[in-house]
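Top to bottom, those sequences are chains A and B.
Per our numbering, the first sequence runs over residues 38 to 332.
Per our numbering, the second sequence runs over residues 25 to 332.
Keep in mind the hints are simulated off the structure, nothing from the lab.
Glycine included, C-beta positions come from ideal geometry on N, C-alpha and C.
Please note that the accuracy of each hint is not assured.
Here's a subset of chain A near chain B, in silico, CB distances under 10 angstroms, partners left out [to be verified]:
hint : residue
1    : His188
2    : Thr232
3    : Thr327
Computed list of chain B residues with no C-beta within reach of chain A, every gap over 12 angstroms [stated by the list, open to error]:
hint : residue
4    : Phe107
5    : Arg162
6    : Leu193
7    : Asp238
8    : Lys260
Here are the in silico distance ranges between beta carbons for each label pair [unchecked claim]:
hint : chain 1 : residue 1 : chain 2 : residue 2 : range
9    : A       : Asn54     : B       : Glu235    : 53 to 59 angstroms
10   : A       : Gly297    : B       : Asp315    : 35 to 41 angstroms
11   : A       : Asn54     : B       : Ala224    : 52 to 58 angstroms
12   : B       : Asp238    : A       : Met240    : 53 to 59 angstroms
13   : B       : Glu68     : A       : Asp127    : 38 to 44 angstroms
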Amino acid sequence: MLGCLAPHPPHVVYAENPEQNEPFSEGGWETLRWGYHMLARKLKEIDYDCIVVLTPHWQTYVGTHFLGLERFQNISVDPIFPNLFRFNHDITVDVEMAEAMHDAAAEAGIITKMMRNPDFRVDYGTIVSCHMLNPDWDKPIVTISSNRSTHYYSNEVMNEQATALGDAAMKAIEASGKKVVLVASHSLSHRHFVTEAPLPEDMSREHIYNHSQYVWDMKLIDMMRRGEMREVIDILPEMIEQTMAEAEGGGLTWMMAAMGMPDYPAEIYGYQSVIGTGNAIAVWDPNEATRQLVL
Amino acid sequence: MSEEPEIVLGLYVPPHPQPLLAPEQNEGWSRLREAFDTCRQRIEESDADLMLIYSTTWPSIVGHQIQAHPKPVFTHVDDDFHFLGSMPYEFHMDEEYAECYREACEARGLHARTVAYDGFPIDTGSVVALKLLNPDNRIPACIVSSNVYSNRAEQIVLGKAARDAMSTLGKKVVVVVVASLSNRMFTEHIDPADDRIHSAKDDEWNRKILEFFDNGRLEDISQLSRDIQGQIRVSKVVAYKPAWWMAATMGQHNNYDGEVLAYEALHGAGGAVIQLTPAKGGVGDKEFDEDDVEFYHGDRSVLDKGML
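Construct all of the structure, not just a fragment, from the sequences and the given hints.
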């Protein structure tokens, strides 16, 4: 099991100009994209069976849902940035793994649902993170929805529930015998600018929304470098409160719980703002032999 | 350009897909569906030539987005209630109005843009409203998003810009707000037959709001928005905005004939179909403590001022 914090601003796919995406860009956000390139090369060297992603852009209020059909072919148009992201995708799902995770979560008392409507449109968070990690799309995925317990209860309740979901995921993965890459698809601080440059990839306009967000982002990254993930999860409710952090969706907490709250250093592949939000790419590699000091 | 736009009626309808996809599963959902059908008939009889929708289930970040695709076609599936079925649609949008609305927004200091992309994900609330209220695309429509960061001043200016564009084009308009009342759903799957409002408190507040609507007191509800947000709205966004927009768009007063056609639970949330018809006279205005606003000046940069 390997874990990736993999933010999903559609800007990075837009900047890559892959053939699947309709708009054309002149580039941009290289610090983040080059970090993703390094990580994608690492993943090419690793033997794994599927990617499991928890995405905050499939928002469910009635339990946690899992993609439950083998293939999804469609166009994904970002509702926020349709000018940047209109991506034609052909996604293969590891339904067996999804069902195993669903069943393990249900056994743990978590409200769950398999999503089996063939017309369902896979969210752009899943697509952006998975494309940047594996642009060949040669691994099946499992997508898990983000239950909005932060909205309904509190950041603390979210932490508890996402931890339970992560514990269940760990049991399902261990029982399956599969090698899995886990993905928490989100940024750190998450306050956006509400205007956009005429040329979105004009990097002279890009910066963090405010210094407070930056300080919080750096605090978390420092703790990740030191392997203090139990402590990170403990202060996450405060960070979410202060920075509107997208970890509110439960991705990081879920992934850390599934990995047993790593106490070893994270690999940091990059940090950059995108339309004001703070985005870090980080990896938790439990294999000391392949773990690197990247940045 | 006429000074006052001709708004024939305003509707407040819920965003949930149950009345469209599964009205037979619950008597309340069925009554909501009948109320939608009644509104559809009244719209057909109204001679309106534009349906303008403000949908709380279409969030935006970069300013305010306005749907301008002349014929959006897709099959929509709800994130939570996907098991109820798919919602194939083909709508007819009023591109001219969409562009005019954008220009009016910009003239009042708002950041706005039109969107016209094949496959753009029109939200559940808008799809439900358009399929039930305008099933044959008899009149062209337009949809405006709900910016997640916007608050009262911005919403009111957004509504006034909608009026500006109506006046400029001389449109005869049905205004539709797509929003729940209380918006806390049950967090578990329920037997549809067991649906009810999530809590007595939500129900009590919903009924108070409906009393205001029934008396045509739209501006009073607008002025109560912050209380409503604090009392019965799950804090997904910064504020309860639909009444601000609706009042600013239809006219910031209480001179309406109100009619609550249905009020029912939708997986615990409060769903109501309400009609407001502009009228002469009404219950009168109260003393309001929040200023009106004509132009949006953006962030006030208070952090950079008055440094200690």
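How the hints compare with the structure:
The beta carbon of His188(A) is positioned within 10 angstroms of a beta carbon in chain B (closest approach about 5 angstroms), and the interface hint is therefore held. Interface hint at Thr232(A): satisfied, since its Cβ lies 5 angstroms from the closest Cβ of chain B, which is below the 10 angstroms cut-off. Interface restraint check: Thr327(A) against chain B, minimum CB-CB distance 37 angstroms, threshold 10 angstroms, status violated. The claim that Phe107(B) is not at the interface with chain A is violated, since a C-beta of that chain comes within 12 angstroms of its own (minimum 7 angstroms).
Every CB of chain A lies more than 12 angstroms from the CB of Arg162(B), the least distance being 26 angstroms, so the non-interface label holds. Residue-level check passed: Leu193(B) sits 25 angstroms from the nearest beta carbon of chain A, beyond 12 angstroms. Once the 12 angstroms rule is applied to beta carbons, Asp238(B) is consistent with being away from chain A; the minimum gap is 29 angstroms. At roughly 5 angstroms from the closest C-beta of chain A, the C-beta of Lys260(B) falls inside 12 angstroms, breaking its exclusion from the interface.
Restraint check, Asn54(A) to Glu235(B): a C-beta distance of roughly 56 angstroms satisfies the suggested window 53 to 59 angstroms. Distance hint for Gly297(A) and Asp315(B): a CB-CB separation of about 55 angstroms, inconsistent with the stated range 35 to 41 angstroms. A hinted range of 52 to 58 angstroms holds for the C-beta pair Asn54(A) and Ala224(B), which are about 56 angstroms apart. Distance hint check: the CB atoms of Asp238(B) and Met240(A) are about 55 angstroms apart, consistent with the given range 53 to 59 angstroms.
Between Glu68(B) and Asp127(A) the beta carbons are some 42 angstroms apart, a value that agrees with the proposed interval 38 to 44 angstroms.
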